[in-house]
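Undergrad: Next come the chains, spelled out residue by residue.
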Amino acid sequence: MFFGLPITGETIAFFLLALIIIVSAVFMLSLTNVMHMAVSLVGVFLGVAGVFILLGADFVGLVQIMVYAGAITILMVFSLMLTHRGLGEHAVREVGAMRGTTTFAGIAVLVAIVLYAIRNAQWPGNTTALQPFHQSTVTLIANAIFQQYTVPFELVSAVLTVALVGSVVIARKEE
Amino acid sequence: MALQPFLALAAILFGLGLYGALTKRNLIIVLISIEMMLNAANINLVAFAHFLPKPNIEGQVYALFNIAIAAAEVAVGLAILLSFFRTRDTSDVRDMNSMKW
Amino acid sequence: MIGLTWLVPVLPLVAYLVLLFTGKRMSEVAITTISVLAVLIGFVISITVVSSVAGHGPYAPVVYNWLTFGPTTITMGYQVTNLNALMLLVVTLVSTLVFLFSKSYMHGDERFSRFYQYLNLFVFSMLGLVITSNLLELYIFWELVGVCSYLLVGFWYFKPEAAVAAKKAFIVTRVGDVGLFIGVILLYLGTGSFDFTTIFAHLHHFSSMQSALGAMGRDAITHLMTVQTWVTISALLVFVGAVGKSAQFPLHVWLPDAMEGPTPVSALIHAATMVAAGVYLVARMFPLFQASAAASETVAIIGGVTAIFAASIGLTQRDIKRVIAYSTVSQLGYMMLAMGVGAYVSGMFHLMTHAFFKALLFLAAGSVIHAIDTQDLFEMGGLRKYMPITHATFLAGALALSGIPPFAGFWSKDDILTAAFDSGHYVLYAFGLIAAFFTAVYIFRVYFLTFSGTYKGSKHPHEGGIAMTLPLIVLGFLATFAGFINTPFAPLLGNFLQPNGPVGYDPPANWGLMAISAITGLLGIWVAYSLYSGGKRADAFAKRMGILYQLSFHKWYIDELYAAIIVLPVVTIADGLQFVDRYIVDGAVRLLGEVGYAGGVSLKYSADGQIQTYGLISVFGIAIVLIVALLIGGVL
Amino acid sequence: MGTTMHLLSFSDIWRSMGPEVIVIGGAFLIMLIELLLPQNKRHIVPWLAVIDVIIATFLIISRFGGGILVYSSADYVVDGFSSLFKILILLSTFFVILLAIVEQRKHKLPYEYSYLLLFASGGAMIITSGIDLVLLYVGLELLSIATYILVALNRKDGRSAEGGLKYLIVGSIASATILYGLSFLYGVAGSTNLGQIAVALQNAWTSDSAILFVSFGLILAGIAVKISVVPFHLWTPDVFEGAPTPVTAYLAVISKAAVLAFMLRILIFAFGQKYQDWWLLIAWLSVITMVVGNFGALAQGNVKRLLAYSSIGQVGYLIMPFAAIGQSQNVSNMWQALSSMMFYLFAYALMTIGAFAVLSKVAQTRGSEQVDAFAGLYKRNPWLAVMMTIFLLSLAGLPLTGGFFGKFMIFLVAFNAGQYWLGVVLFATSAVAFYYYFGILKAMFVLEPVGDEEPIRAGGLLQVIVGLCALGTLYLGLIPGPFLTVLNNVHWFG
Amino acid sequence: MEDVLLLIVVIPLIAGLFVLAMPARSHGVIRAIGLIGALIPACFALAAYLAFDQRQINLQFPFTTTWMSIANAYNSLTLHINLGFGVDGISMPLVMLVGVVSTLTMIRSFKVTERVKSHYFWLLFLTMGMYGVFAASGIFTFFFFLESTLVAGYLLINIWGGEKRHYAATKFLIYRGLASVVLLAGLIGLAYVYASTAQAASNSVFIPNAPNFLTFSISQLLTEAQLIHIPAASQDVLFLVFLLAVLMEEAFVPFHTWLPDTHEQSDTGTNMMIGGALMKIGLYVMLRFAVSMLPLGLAHYATWLAVLGLVSILYGAIVAIASKDWRRLIAFSSISHMGLVLLAIGSMQEIGIQGAVFMLVSSGLLTALLFFTVGAQADRTGTYKIENLGGLSKSLPVISGVMLVAALGSVGLPGLSGFISEFSLFVGGFAAFPTLSALASLSMILAAFYLLWAMQRTTFGPANQALPDMVDADVIEYVPMVILVALVVLLGVFPGVLGDVVHGTAQAIAARIGG
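Those sequence lines, one after another, are chains A, B, C, D and E. Residues in the first sequence are numbered consecutively from 1, following our numbering. Residues in the second sequence are numbered consecutively from 1, following our numbering. Residues in the third sequence are numbered consecutively from 1, following our numbering. Residues in the fourth sequence are numbered consecutively from 1, following our numbering. Residues in the fifth sequence are numbered consecutively from 1, following our numbering.
Quick caveat, the hints were computed from the structure, so don't treat them as lab data. One should not assume that every hint holds.
[Said to hold, decoys possible] Straight-line C-alpha distance at most 25 Å; calculated BS3-like pairs for lysine-lysine:
#, chain 1, residue 1, chain 2, residue 2
1, A, LYS173, D, LYS156
2, E, LYS394, C, LYS24
3, E, LYS394, C, LYS159
4, D, LYS156, D, LYS108
5, C, LYS159, E, LYS324
[Said to hold, decoys possible] One-sided excerpt, in silico: chain B residues whose CB lies under 8 Å from chain A:
#, residue
6, MET1
7, ILE32
8, ALA75
9, LEU81
10, LEU82
11, TRP101
Glycine residues also receive a C-beta, built at the ideal position from the N, C-alpha and C atoms.
All chains should be modelled from the sequences, with the hints used to inform the complete structure.
TA: Here it is in structure tokens:
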């Protein structure tokens, strides 16, 4: 038993992934070298993708890897490079201890409350199956998107268009 | 495997993201931290989708939508950042202080 | 003619209005004619009224509804009683003479018509006061005469002293008026009426007052009050009004200062009529005072004290008018003394004779002042030969004042002294006697300093015209002979005033006391003669008297005392409170405003432009919201 | 769910979301037209947007009062309140676009604003009708992302980008918070459909109350950030100051209206079961929002920031009915609360947009947004001064104006719910607000113009905007009857 | 006659709009319109006054039209809000007072040469507001007009005032603003409490116009006040709310500091309007709502009322002594006088209530007259500081004389309107609080002291050499002075002209409060 959980392959996998995510996240927040940050960022996103896959959401996991670990990370790194003279140098002055502690305390309270609530809730029992769905998640997702979620799906296109046009309008050089 | 560990993980990630958003000085890192918060929410959704008494796919779909929107958000954020950088030559959060009081 | 009584006060009012609108364009003669006619007709009517009343007794009031006032209705109207009729006669007579006198006295003044306006208004108010049928109406006219007095004292407003004196006269009498005001209210609350008859009727049935008292139960004081104390308090408050108007101690301070007004004003208002209104009020409210022994006693004591106190000041004043003014105060004290000991008829008798001889003295003094333009006794002298008529009439007035038989003052003053003695007020009797002595001393001091010796001034003195001398002569006649209407041998006035049996206390004649008072008067004249007819002895005597002289000369320092214990504290408190108002009350308000504004400023600066600060605050906000949410849910 | 799924027919889509289709589809179309038009013809683009808005508005109005239409398969509902919200949104968008046209003549905003505004409004409209978490969230994000861009649109002013970035950071955190909260809702209920959530939650309160409270708190906090409830309001003045004035008006009105609709749906519909417990929390938020908003404005010299704080205060008034609902004795109170909020929202929209319109003109000619810029406005342009007076008096809550009547209705709600103190705080804080509103009034009427005394010439379009807003403000204050009748007859699904 | 009140309220507004339509430079036309716009309603008011039925105690000349309806305002009942007017014995005299004061202010403001157009517009607007306040028969109508006076007053002070006018105007605004807010809370609370009581009582008592229990109609509330009694606890709370509002509105100590500042900084016309009519609103509210509709609350706090009144009476009178500026002096004097009204209301006597109306009217006229004359002399001397004046009787006999009349009227001289007012109030006061009233009567002496002392320093004594050459009142100035003096004398000599109108209503109120 580990934290009250039976030690199975899944459990081990989960804790490994959790470790990766949290450590990467902490690294990302504490490192000052931009390249190191980027690497740990990828760690976080990949870890999350792993969690998704562990939860049977293979498609979502894949999208996570492609969008986050791929596209967004690259976008970030490019932006970092664009807004910085060199890659190796220290990114910026860091936050003061006082501010850091206060922020940490506030967030700690917040997270503690959420954790407390999570712990006290009566969640449904364990699902043993790795894959609870009887069909391929892709099919299910496709069905859902094109039947139940048609409207949001169409809207997302609007969101993306807005983002695209907006980014262009704002980021283009003054004519 | 149970639900709580996933939720706990998400909560912690949410907290970390929030912490990053509120303490990091580089605007890009701030934006990334916000993405981490969104990721936390996605973990929640996917975990719920998995562990619900009647597992349903809606959580996963929701997560997918979120990923798409988050990407759009990041793109816009970076665009505005570039515009800001162009006029101010800085990407420090603390330099966003021309408007106060 | 009795039906025309209302004309008596209305005629001066008409005259007032006529002068108000057209006076500026009228000649002095026209103004005087109108005014004198107005009061003269009133006088003639008054004579007929008196004769009617003498035969008929008091008439029922004639009233009109004025205002619905709670459960009752206030009426306005007039009533002819014996007392009123007498007063009408006295007031119109003196007014006529003073009006006439003023023509010469005020000749050439640029506000001649204004002067007559005020005088007419005054006479209207005074006559209204006299014949009113209810207490509220009396109060109304009471205040109006006060205002006229204010206006007339301040007639020469550009003299700072006159301005101050006018204000002082108004405010000091106002103190008394407030007492009367409250008294009227208390009587109304107790009896449910302002009508004299109703009020007096209730004084014999306390039950209705008892219930009114019960209704006032919310106030602590009323728990301690019985109906008797209520009556006493009401009576005392009414008397306070009288004290103010009649310049009784301790509210006498305004009257001497009021001499800043033109002399005819002093004669009419501050000697014969208005100041006597206090006495008249007590007489009019006589049943009330009879219902309260304590109140009557107070009236007597105040009267007696005032008589001797004012007389003692009169001994040393240098200003001719002030001496006579103190004399007035003193004589009014006599009248109050009479009222206090219950000698209703004696008081009214003295009021009447005093009106004649005091008006005479003032007018004579006015004649002198008019002739030589000074009021300082020590700048006069030897005027006997320049102004024979003035001298003769003044002498008559002085003798009347001193109580030398058979002049008018003797009979009335002696009546009072007798009443005081007979009713057992020996101390007050002694006061009265000493005051009588002082009276003779100071008035003959004036007489000797003015008319005997040699003239010290530069201006050539001469008699005024017929308008001046005629009133003097008429008044001189009255001062000499008016006393005979109520001698112990023939108490005509007593019979007239008491048609329904005796009112108050009417002492029998006492030859011994008469002799004593006559001798006292003669003694006083002798003292005055020895001190003042021959030059320097007075100064030596003054030195010998030392502190007493100083006390008298400085009017017992009452003015200074008031300045120190009333005016100064009030003004100081006012300044202090003004400071408090500005810096503490308003300061608190401004502070509150500033605090609010500072709150705004601090909120303004809390937005420091740092997005992460905003985020941090929001995080705390979220945490608080969560905690509250969980607390509400009963989970935490 | 999933078994009885069927596809939406096109007629269903048209009947349920015709206006949204017109707005968003129109936005796409206008985008294309803008690309195709030559540079010198592009000035017609905003007018196309205006026409689009007008068409959509008429469509809604023509369908108004048609009862409640629920499209369960599309998780979409068309009820009276959503229609009113949409009318409000489109009306405000109409004014904002016109104002932007005016503003553009001086500032050369990129023409993209016209369809960005349409997209944003489309998102806002979706929020008012959606009853699915996904749909609501996507709508919210469409609105948010479009407004982030709009705020940063003025590239010549560095403050614009800064404001946009600030808004983006705060807004994204808020979105993430809301999303996080929504995820718990989904987890407990097992569905993203609000109707099903509401049903599921009825049973879940006994077992999972803690997590539901957390979910509620997170969503509330996120919403609070978006509509700038104290203490989540601090970004507001900065962003308002940075944004181009039309966009500021947009943020102040439409964003808030849409998020209020969101709040209405989620908090009352989904959490309705336990809503009675929340009222005190919301009441306190309302109170501190009113107090801080109005006191914060006291010391402001910049009119835009002042109006930002003022709008914070107004939000306090707007959420008060939510608090009162919690104390309602019966269902009629809820109707009253909803209609009072709706009424005030309309009044608020008109007076706020009007005030910003006047401000934009004054700031333009004077080159300053300070209160001093208004000095002597009455002499320089009486029309603008009088109109501004109407808006300010309405904001301050003086009778004859929509602002007063709206506050009055909210006041009645509080009284009817027995919460007298809330009503008293409402009017007490608006009395404090007199100070700064009348400060502007004073500047306009009392003070002499500083610098040049040249009359300000307001263009016809601006006069139309301002005039219409003023007319509407007065109409709502003088003759609120017809609108009240409309409000009395609308129904809300939930 | 039914619409007369509506016309009275609307005509000034229409005139104001006409003024706005005029070119700014045509001062003559603007002034004429202003005068006509105030005169016509004043004539209507006079007609109404003469036609007033003294035996009837309901609101007369009722004009009511439904303005709007709010559904579900009280439980599921609909609230109908009326635009309504109507007057009774309390409000009729005050409407008349507004007519007199506003007309004369228009005449006085012929002297204003700066921004004439705005000045007349706002004066007319203020006139409308004050008519509306006194003539309103609905809570909503009342409040709406009350707030309109706020705006007009603020701008009138702020534009045409003295050196520190911004400060004074802001103070005016905040104080009266807060007061009106508190008042609104009280008014609506009153309506709600009456609604719930009426609903509860409707089984046993016949309530006209049921089942619209939540009503904003003042006449309906007055009717209900006779039929049902709302719980004592509610009455107490509501009464406190009203009391607080009135204390601020009417500038009672310690909420008074705005009034002296306001008066000190305002110009003469504004002062006449504010002192002459606007400052009567607070006590009108007290009589109209707190006294008439909350009898138990009144009974509970009667002593407090009296004490508060006494404090204002003495405080105002004493501070007035030390006032160096005529306008401050008048302000404190009016605080003192209004305190007397509060004391009398606390007495719960019919006479006290009658006296209250008398005092409101009388003090309105006298304050207007005082401000007018003080302003007229200041126009010539250029100063309001008492110490800089002196001997004005010489050069300005008419103005000084009228000033003296006004001062004496304030002192409570019989024959002028102040006397019967003070007298009635004191009769009421003594009937319930002899000790407090006795203390209050000190103010009669103090009033004589400060007013006559100020007169002595202003009009008496040698002329101050520093003063310029002056010309006495001109024709335009005669009109207000003559009319006001005539009215003051009329009321003083024949108080029945006012008393007959007031009596019936005062009696009805007294019956309600058991006085």
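Undergrad: For each hint, tell me whether it holds in the structure or not.
TA: We went through each hint and held it up to the structure:
Between A/LYS173 and D/LYS156, the direct Cα distance comes to roughly 11 Å. Compliance with the 25 Å bound is thereby established for this hinted pair. Restraint check for E/LYS394 and C/LYS24: the C-alpha separation of about 15 Å stays at or below 25 Å, so the hint holds. Note on E/LYS394 and C/LYS159: the hinted pairing holds, with a Cα-Cα distance of about 12 Å set against a maximum of 25 Å. Only pairs whose Cα atoms come within 25 Å are accepted, and D/LYS156 paired with D/LYS108 is accepted, the gap being roughly 9 Å.
Distance check on the hinted pair: C/LYS159 and E/LYS324 sit about 22 Å apart at the alpha-carbon level, within 25 Å; holds. For B/MET1, the interface hint holds, since its Cβ comes within 8 Å of a Cβ in chain A; the closest pair sits about 4 Å apart. The beta carbon of B/ILE32 is positioned within 8 Å of a beta carbon in chain A (closest approach about 6 Å), and the interface hint is therefore held. Taking 8 Å as the C-beta cut-off, the interface hint given for B/ALA75 holds, the closest approach to chain A being about 5 Å.
The criterion of a C-beta within 8 Å of any C-beta in chain A is met by B/LEU81, whose closest approach is roughly 7 Å, and the hint holds. Taken as an interface hint, B/LEU82 checks out: its beta carbon lies about 5 Å from the nearest beta carbon of chain A, inside 8 Å. The beta carbon of B/TRP101 is not positioned within 8 Å of any beta carbon in chain A (closest approach about 20 Å), and the interface hint is therefore violated.
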